[in-house]
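Engineer: Chains as they are written, first to last, in my numbering: chain A, 1 to 375; chain C, 1 to 375; chain W, 1 to 375; chain B, 1 to 375.
Note that these hints are calculated values from the structure, not bench results. Being a predicted model, the structure only gives us computed values, none of them experimental. Treat the hints with care, since some could be wrong.
Same chains, same names: a pair is fine if it fits in one copy or spans any two.
[To be verified] Here are the computed lysine-lysine pairs in the DSS-like style, where the Cα-Cα straight-line distance is at most 30 Å:
(1) 68 with 169
(2) 137 with 86
(3) 283 with 169
(4) 68 with 251
(5) 283 with 86
(6) 137 with 68
(7) 137 with 169
(8) 151 with 86
4 protein chains.
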Amino acid sequence: MRVIIFLWAAFCIAPDLIAQHQHPHDHDRTIDFPDIPGYYSLVCDLHMHSVFSDGAVWPHIRVEEALKDGLDCIAITEHIEYQPHKADIPHPDRRRAFEIASRAAANTDLIVIHGSEITRRMPPGHSNAIFITDPNKLITDDALDAYSEAKNQGGFIFWNHPDWTAHRKDGVAQLDQMHIDLIRDGLLNGIEVVNTKGYSAEAFQIALDNDLTIIGTSDIHGLIDWDYDVPHGHRPVTIVFSSDRTEDGIKTALFEGRTAVWHKNFLVGLPEYTEPLFQSSIKIVGAEYVGDTSVLSVQIRNHSDAEFLARNLSEYSFQEDHEILSFSAGSDTELRIKTGTRLGNVVLPLEVLNIVVAPRTYLQSELNIVVNSGE
Amino acid sequence: MRVIIFLWAAFCIAPDLIAQHQHPHDHDRTIDFPDIPGYYSLVCDLHMHSVFSDGAVWPHIRVEEALKDGLDCIAITEHIEYQPHKADIPHPDRRRAFEIASRAAANTDLIVIHGSEITRRMPPGHSNAIFITDPNKLITDDALDAYSEAKNQGGFIFWNHPDWTAHRKDGVAQLDQMHIDLIRDGLLNGIEVVNTKGYSAEAFQIALDNDLTIIGTSDIHGLIDWDYDVPHGHRPVTIVFSSDRTEDGIKTALFEGRTAVWHKNFLVGLPEYTEPLFQSSIKIVGAEYVGDTSVLSVQIRNHSDAEFLARNLSEYSFQEDHEILSFSAGSDTELRIKTGTRLGNVVLPLEVLNIVVAPRTYLQSELNIVVNSGE
Amino acid sequence: MRVIIFLWAAFCIAPDLIAQHQHPHDHDRTIDFPDIPGYYSLVCDLHMHSVFSDGAVWPHIRVEEALKDGLDCIAITEHIEYQPHKADIPHPDRRRAFEIASRAAANTDLIVIHGSEITRRMPPGHSNAIFITDPNKLITDDALDAYSEAKNQGGFIFWNHPDWTAHRKDGVAQLDQMHIDLIRDGLLNGIEVVNTKGYSAEAFQIALDNDLTIIGTSDIHGLIDWDYDVPHGHRPVTIVFSSDRTEDGIKTALFEGRTAVWHKNFLVGLPEYTEPLFQSSIKIVGAEYVGDTSVLSVQIRNHSDAEFLARNLSEYSFQEDHEILSFSAGSDTELRIKTGTRLGNVVLPLEVLNIVVAPRTYLQSELNIVVNSGE
Amino acid sequence: MRVIIFLWAAFCIAPDLIAQHQHPHDHDRTIDFPDIPGYYSLVCDLHMHSVFSDGAVWPHIRVEEALKDGLDCIAITEHIEYQPHKADIPHPDRRRAFEIASRAAANTDLIVIHGSEITRRMPPGHSNAIFITDPNKLITDDALDAYSEAKNQGGFIFWNHPDWTAHRKDGVAQLDQMHIDLIRDGLLNGIEVVNTKGYSAEAFQIALDNDLTIIGTSDIHGLIDWDYDVPHGHRPVTIVFSSDRTEDGIKTALFEGRTAVWHKNFLVGLPEYTEPLFQSSIKIVGAEYVGDTSVLSVQIRNHSDAEFLARNLSEYSFQEDHEILSFSAGSDTELRIKTGTRLGNVVLPLEVLNIVVAPRTYLQSELNIVVNSGE
């Protein structure tokens with residue numbers, strides 16, 4: 001007996017006794033952000049493992065998790081040098097995990113990218129090369145050769161968890177000479193500013209200083225649901241602003257740095273992309289003055305999964321709210337602005353505290369409100 | 001800042017920090033039952049108090065509570081003899097509470113009925129007379145005169161909480177000679193089988209034996225939300241099966257005994273009315289055999305607020321379920337019936353354990369399933 | 001059948017079918033803040049109405065609501081000049097609502113203060129006088145006389161909703177000459193910076209400029225549960241920092257300006273009081289370095305109902321968190337600080353974004369962390 | 001930033017914005033039943049798969065799932081003949097999955113049993129042999145040889161999903177001659193009456209008729225959380241009544257038929273074991289008469305995960321409840337019995353509708369209530 005709630009889902013008076021509920025969690029767990037002008041906002045997780053390196057699941061589970069989370073794209077990135085299950089899975093072909101995942105996604109919209117984690121001691125530490133064609137060729141003695149081979153295959157290469165305490169006892173991401181050289185030679189194109197649960201402000205600064213694409217990944221080994229407390233939480237993802245819904249579109253976007261990271265309730269990224277993402281997420285759906293007052297009631301709809309937290313930078317104050325506002329995910333919010341006199345247009349500059357555009361720096365944006373003239 | 005959740009209501013990843021949620025509880029708390037063939041299923045609470053007798057609120061709150069609960073009809077039934085707030089509210093006109101409530105409901109669909117509680121020692125104890133025109137005339141020395149006057153005014157009179165331990169130390173409803181006489185003379189037309197939180201099997205038996213209309217009421221004095229833990233619980237109500245949405249329709253239905261009581265998760269009433277109510281609530285929305293098996297998958301939709309609990313009386317057993325089934329409120333349920341061979345029609349007799357048609361006796365009904373023939 | 005959940009309250013596999021749950025909401029709705037050094041933190045609602053002016057409930061409901069909300073003190077503040085129920089409640093003695101509420105609270109710890117709303121046109125508009133002894137004497141032709149009489153009775157007088165659009169079309173609180181005079185003469189001692197759902201930044205500025213005690217009130221007329229969506233939301237209250245749990249203690253505190261306002265998720269008040277309140281709410285319960293790294297794991301316990309939202313002002317960054325932190329209400333939070341080297345003591349300066357110490361100005365405080373030295 | 005809620009878990013006024021909650025789900029998902037006199041009630045799942053046959057996870061995930069669910073014991077039961085991942089995992093030793101799982105459970109209280117699924121066409125279909133020492137020896141041409149070998153190794157053998165529509169088009173479990181022979185020869189000791197989501201009344205009848213131990217299993221291939229909607233639902237398990245917490249104890253119990261199955265909200269098993277399980281679950285924690293009435297208020301505590309649903313078989317009726325009672329999982333319930341006169345002892349016979357002791361037959365038990373004498 002499977003039960004699908006169709007009417008009053010949230011609080012039934014008489015919950016189900018005998019059969020166990022099949023709650024429609026899948027709906028709750030999808031990660032939703034609107035597209036921005038000119039680009040699709042594709043939700044990608046570009047770092048994950050299966051039993052084919054040190055992960056806990058067969059690769060098709062990564063596909064199923066992604067579909068449940070509403071992702072547009074994943075990259076399969078097994079360690080090629082680190083194979084703890086080798087005694088049981090001696091398969092010499094490092095393409096195997098990708099093949100299985102790829103087949104599992106065959107009749108879905110999910111894009112599965114072929115990648116590998118190049119797993120070396122510091123420097124350079126661990127990196128992911130994605131969009132490669134044959135990971136077997138990345139098994140080399142010299143790390144640099146692996147990076148070169150990945151580049152030769154057209155790979156996009158990003159540095160993983162540069163703040164990892166196994167590599168940096170102080171947890172502070174920092175470039176070694178080798179990283180500087182890799183970047184100079186186009187062998188390091190991106191950097192994880194978020195890996196698993198961790199955000200690294202220093203990695204973000206390195207991205208800004210060196211024009212690296214910012215990346216956030218789950219680096220999942222176990223189960224997404226457990227590690228990220230789904231549906232209450234979500235895995236970190238990279239939102240890729242792509243001109244189409246193809247692997248090529250994503251690749252181009254990554255090389256051009258068109259990304260933002262969604263981690264906990266924060267968006268991390270350049271204003272160039274996070275500003276339109278904020279504007280596409282937050283829409284004014286109505287604005288009119290209350291009675292004969294000069295208090296403007298504005299209906300604001302948040303089309304995204306982020307609860308935006310914004311500090312008022314305008315000259316106006318509000319009738320009900322404090323100067324720090326919140327716009328709940330997937331909700332309508334009413335804001336009452338005391339505009340002093342009745343205006344036809346109101347601009348409300350805001351500092352969006354959960355959109356990080358540089359370490360300790362938040363997006364400055366504004367709401368452009370056209371007052372309903374009525375008739 | 002008022003927040004209305006519009007998309008992913010149940011589990012937001014990032015709940016609202018700064019503004020407080022305005023949860024759409026009103027939707028959750030409405031009491032919903034479908035109409036039955038020939039009659040509207042009107043949800044009525046026919047027993048309540050305000051500050052004009054011993055209640056805690058101004059009468060318009062009773063209207064607001066009713067609107068929030070989605071009721072079709074309420075009766076204002078102040079004690080006429082018991083006026084603990086008399087020192088503060090000396091108003092001599094017992095019509096006052098009704099007037100206020102009536103005006104508060106003026107621009108709504110809520111029907112407000114004029115009633116009064118006739119509050120006497122046992123026998124006869126307390127009764128409600130509703131559809132009366134002037135409660136002032138019910139203030140008499142002799143209880144019998146009050147009943148006669150109520151009848152003269154066209155009143156429908158029902159016995160309140162006949163199991164009350166202040167009147168019956170054993171909590172067992174029982175007729176005194178005076179009640180027998182009142183019934184004989186048409187001065188007692190109904191009986192509460194549910195009052196507040198209490199159900200009385202003996203009162204139900206009295207109703208059956210004496211052809212009294214069965215009634216369930218909140219008898220609210222304080223706040224509905226507090227006493228009935230809304231929205232997790234609900235007040236007891238009388239579902240009146242009326243040929244139209246008018247006071248007259250309700251009155252006729254009550255005199256003709258067309259009611260059922262909704263209390264906790266139970267419906268109490270004659271099969272004549274609870275059988276069509278069950279049939280209107282539970283609809284087969286699909287039925288087809290699984291693959292090439294003789295296992296029939298049936299989609300069953302419950303359009304009511306009741307979680308129906310039913311014992312299988314058929315010769316068939318189920319593929320997944322035990323012999324006691326549940327159909328969650330406002331939900332779809334899949335039932336897989338092992339019919340042995342593939343049939344075009346299946347009848348599934350059931351004992352509906354939460355529809356009580358007599359003390360310790362439950363509704364026998366059946367699901368008539370027409371198998372989808374395919375294209 | 002009353003059900004009390006005692007073990008696995010949050011998510012039972014098999015919720016209750018037949019009986020309706022009696023959820024322990026009362027526990028969830030209490031407003032909890034810790035005491036501060038030298039003072040009790042008493043939670044007070046100093047503005048409310050019953051049927052004895054234009055409210056909807058008998059006064060004892062105000063006591064019951066307060067007890068459910070865990071308040072320490074309420075003031076009954078009927079309009080003395082505005083009596084819309086006068087036709088029904090002609091009682092000439094304006095002390096009546098207080099008497100009833102007071103008696104209802106007799107065997108509880110709730111302190112009930114005698115007050116009245118002095119309800120005049122602008123200027124001066126509406127004010128509450130509390131700790132008065134006889135509101136009848138405040139019925140005067142001249143508003144000023146009412147203020148003087150209230151003062152003579154020892155009253156503490158505060159200006160209600162100075163931003164009310166019925167009085168100020170732009171919703172902006174502003175002193176008229178009469179208010180200036182009242183303040184000068186000690187006839188206006190406080191001001192509502194929060195009334196009902198509204199916060200007024202300008203009222204807060206007036207309080208700061210004129211040394212008025214800041215007040216936040218529900219001004220409840222209907223039901224607390226409905227207007228404030230309890231238990232998801234809460235009524236605004238004034239937290240009074242009192243040297244004892246007595247009416248006198250509260251009175252002294254109010255005259256000395258020892259208050260903060262709790263509204264939505266914001267605390268509003270002088271740093272003198274909100275700083276110790278923050279420090280009493282947030283306690284370090286453990287701090288040790290992770291393995292052999294210089295990453296310090298700190299366990300932080302929030303003993304209050306506020307979710308504190310804090311911007312990192314230190315030189316350090318964090319291993320997992322962004323620079324804006326949140327400390328959930330009634331919860332433990334782990335914060336991982338990258339201190340560069342292993343220290344014995346760490347000071348973490350913070351800007352607490354939901355503690356407003358002046359319009360657009362937030363509390364600057366710090367966490368003083370002593371690292372556990374090990375055994 | 002990890003957040004652990006410590007005080008007001010259920011409904012915080014200001015839920016966490018910035019950090020994502022780490023809800024203490026693990027607590028909610030544990031399967032809890034009390035021990036019975038003379039035996040531990042050990043919660044066991046005796047049928048599961050990993051990547052070493054056709055499952056989706058590395059074996060240690062099965063251990064982690066079991067620990068999260070609070071199980072006492074699992075059996076690893078790979079198909080030995082069906083190895084769809086053989087191209088990737090060519091390991092010839094069928095003991096491998098058990099070895100890995102066993103090592104993963106090394107420092108826990110979880111008992112891991114060595115088993116294998118003997119996967120043959122009908123007859124005999126699929127069976128699990130558990131407590132075996134070397135599954136490799138079960139790879140035989142003749143199914144009967146595999147059963148004999150399993151028996152030689154001391155195995156307990158039970159028939160899996162005898163109602164499977166791949167084997168029985170009508171979904172009706174039925175013995176073939178071969179099964180009759182296996183049972184006669186001690187080569188079939190138990191039968192799944194519950195597999196995955198399915199309950200088979202006919203399998204239960206076969207168990208009763210042939211003295212087979214009744215078994216319920218998850219037969220998990222994917223993820224427990226997904227297939228059983230944890231924490232809202234739970235996997236089916238076998239509760240084994242064992243004299244100690246050892247593998248030997250469980251083995252003896254299984255051969256002696258000391259089991260019950262927990263599936264959805266039903267317990268399935270012989271009254272010999274389900275009666276004491278009900279009695280251990282339901283405890284009277286107080287009983288006294290209300291005031292001077294003969295209405296007995298009884299406090300009943302349910303120590304189990306089952307919501308018991310019981311039909312009153314006594315001569316008494318109740319003051320508030322209907323004749324079908326429910327006792328919520330992990331909760332206290334008050335029942336008010338109208339005993340007519342005040343008694344010192346009350347026996348309340350019940351039919352427990354969610355304890356199935358034979359197809360369509362429910363446990364008859366009784367509550368023995370000793371009235372508090374007070375003084």
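Engineer: For every hint, state whether the structure bears it out.
Structural biologist: Here is how each hint holds up against the structure:
| no. | hint | in the structure |
| --- | --- | --- |
| 1 | 68 with 169 | neither (36 Å within a copy, 32 Å between copies) |
| 2 | 137 with 86 | both (18 Å within a copy, 25 Å between copies) |
| 3 | 283 with 169 | between (45 Å within a copy, 27 Å between copies) |
| 4 | 68 with 251 | within (23 Å within a copy, 40 Å between copies) |
| 5 | 283 with 86 | neither (52 Å within a copy, 48 Å between copies) |
| 6 | 137 with 68 | neither (33 Å within a copy, 41 Å between copies) |
| 7 | 137 with 169 | neither (32 Å within a copy, 51 Å between copies) |
| 8 | 151 with 86 | within (27 Å within a copy, 34 Å between copies) |
The structure fails hints 1, 5, 6 and 7 (numbered hints given earlier, in ascending order).
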